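Construct the entire structure; sequences and hints are all you get.
Going line by line, the protein sequences match chains F and X. Oh and the first sequence: position 348 is 348 in my numbering, straight run, nothing missing. Oh and the second sequence: position 98 is 98 in my numbering, straight run, nothing missing.
Please keep in mind that the hints were generated in silico from the structure rather than gathered at the bench. On a predicted model such as this, the values are computed, not experimentally measured, just so you know. Mixed in with the good hints, there may be bad ones.
[To be verified] Subject to a maximum C-alpha distance of 30 Å in a straight line, what follows is the list of computed DSSO-like cross-link-like pairs (lysine-lysine): (1) LYS261/X <-> LYS164/F; (2) LYS261/X <-> LYS214/X; (3) LYS214/X <-> LYS164/F; (4) LYS136/X <-> LYS214/X; (5) LYS164/F <-> LYS246/F; (6) LYS255/F <-> LYS164/F; (7) LYS261/X <-> LYS136/X; (8) LYS255/F <-> LYS261/X.
Read off the chains here:
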Amino acid sequence: MNGHPNNTISHTSPVLPFVIVIMARILSISRPQITRILRAGLPIAFALGIVIVLNSLIIGMLGQNVLEVYRILVLSAFGSLDDFGYVLFNATPLIFTGLAVTIAFKCGLFNIGCEGQLYVGGFAAAWVGFHFNFPAIILIPLCVLAAMVAGAGWAAVAGILKAKFGVHEVINTIMMNFIAIALTSYLVAEIYQEAGQMTPQTPPISDTAHLPRIATFLAFIPKSNPLNVAFLLALLVTLFCQFFLKRTQYGYELKLVGDAPEVATYGGVHVGAVTVWTMMLSGAIASLAGVWDVMGYRHRFLDNFSPGFGYTGIAAALLGRNHPYAVLFAAILLGALNKGALDVEIWTNVPRELFLIIQAVLILCLASIQFKWHAGPLSKTT
Amino acid sequence: MSTPLALAGLGGVYSERSGVVNIALEGIMLISAFGYVIGTSASGSAWAGLLIGIGFGTAIALVHAIASISFRADQIVSGVAINFLAIGVTEFLNRKATSPRVEGLTQWNLPLFGSYSCLVYITLLLTVGTHVFLFKTPWGLRLRAAGESTEALNMLGLSRARWQYIGVMASGVLAGLGGCFLASEAHYFTKGITAGRGYVALAAVIFGNWTPYKTAAACLLFGFANALQLESRWQIPSQLLQCLPYLLTMVVLVGVIGKSKPPASLGK
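In structure tokens, the structure reads:
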């Protein structure tokens with residue numbers, strides 16, 4: 001939390017175009033692609049602008065120094081390596097849910113059910129984690145696998161109902177969020193409550209199921225920094241999503257069903273099957289946000305642990321325009337906002353709930369400006 | 001138990017009949033429940049609270065209308081954003097777990113019916129009123145035309161957008177009333193007071209085939225499922241009973257899809 005970011009920004013701004021071109025060369029992006037990326041970025045910049053103006057107005061109305069709040073926000077996120085580690089730590093679950101929403105969006109499905117999927121996923125990971133005590137090399141993959149299977153299975157219900165009966169996934173995934181939260185709440189309170197504790201939580205998972213912290217491999221990160229290998233997993237999943245959507249036949253079928261279901265049917269793609277496995281894939285990725293909490297943060301399942309990671313994932317997906325790499329950055333940005341909001345609340349009296357409003361306005365602006373997603377009425381019959 | 005659902009459901013009928021998917025019912029209910037509590041505790045009068053609650057609901061419905069009609073945002077994405085907005089605004093303004101206790105609305109004691117909040121009776125009237133408006137008046141016909149056939153409206157030289165605005169605003173008023181009812185019965189505001197009732201109401205609209213009477217009847221069914229939670233005679237854990245309305249919603253939707261017909265240009 002020291003240093004003046006303003007100086008460096010004004011220094012680099014004339015160099016920025018060159019940096020973009022050189023970066024593009026390195027990533028072997030052609031000139032028309034740069035224009036396309038800039039064109040895609042413009043509405044997003046516009047939406048972010050609206051949000052920043054609105055945010056400043058609200059902060060101003062609260063009688064706070066707007067610049068001071070932004071300074072805290074930026075320093076809290078990027079002020080030091082330790083701070084940035086916390087940002088990436090906060091962003092990890094959002095990367096998972098953002099990618100999960102993205103994968104579903106690409107197939108024309110709106111998965112609002114990430115919240116429920118990460119709850120059942122997190123619970124499955126915790127259940128395996130506190131029942132078994134294998135060496136880490138076996139237990140960690142086993143827990144992750146259990147979470148992914150649970151998340152995929154939970155999401156599959158909405159997929160099957162859509163594919164078989166044509167019930168729109170939006171209402172079903174929302175209903176299943178409520179059910180997942182109530183169900184895990186029941187399991188924690190009535191069956192797996194940790195003895196002698198008032199907090200509704202399960203017993204801790206085995207030490208061998210803890211995800212190692214990055215600080216244990218990289219000496220320059222402070223030992224107290226909670227950033228763990230879940231973040232590396234998030235990077236891997238981002239790469240996987242990009243590869244899957246761009247380079248595989250399954251990814252192609254998924255996008256075809258999203259863009260033109262009739263064409264897909266005509267081309268011999270089984271739309272129903274694609275719908276179901278897309279939801280399962282989406283649910284499996286979303287469940288990793290639960291893994292992050294259970295195995296990388298609290299090391300147990302805490303009732304009602306998620307502050308809405310599944311919903312923030314929607315903002316990340318929209319902000320990243322459903323492009324995996326961009327979603328990664330959008331999630332990190334939201335993670336930074338999330339952490340920044342906490343610090344702002346500590347240093348000034350701007351409540352962190354402002355972040356919720358900002359996020360909603362951001363989604364509204366993005367949806368109003370550019371986002372056209374292939375969809376029908378809520379009760380579309382397939 | 002069914003009254004807030006039925007009010008939101010009727011709101012959903014107006015909005016969806018005009019061709020706008022209104023998943024924002026949940027957010028409208030939440031923010032107007034909050035408005036009711038603020039208004040009542042500030043003015044001391046439940047009626048003033050009711051007006052302010054409806055005002056809040058209508059205002060947020062207007063945001064949904066602007067985004068989804070004027071800016072042609074995806075209606076579902078916009079609706080979801082409205083729900084987040086309502087959560088954000090209420091939590092921002094009400095940072096304690098619960099609000100101060102406020103008065104409820106007047107209870108009317110009618111012979112034959114017994115003593116219920118006046119909104120229960122008003123809801124019955126509104127159900128009939130909605131039916132009459134939608135199916136017996138030229139305005140109702142126009143509103144339905146906005147959801148069925150844009151060409152017909154265009155030929156008459158009428159603005160589709162205007163009727164859609166009216167539909168969405170009407171849903172703001174009605175779902176707003178529903179939210180006020182929730183707060184009035186509970187006597188306070190707490191986060192999650194709506195508990196997904198807006199979504200359940202939307203399911204009731206689909207189940208009710210987009211007609212006021214059937215939607216209200218569907219809400220009775222869902223209200224019954226909700227009321228079962230209060231039944232403590234059985235040895236069923238409360239968390240599992242909580243799931244019941246949501247499960248019922250899913251089951252009902254599976255059963256009804258294909259038999260129930262949405263307005264032709266809903267969501268477009």
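What hints, given by number in increasing order, does this structure fail?
-> Those not satisfied: there are none.
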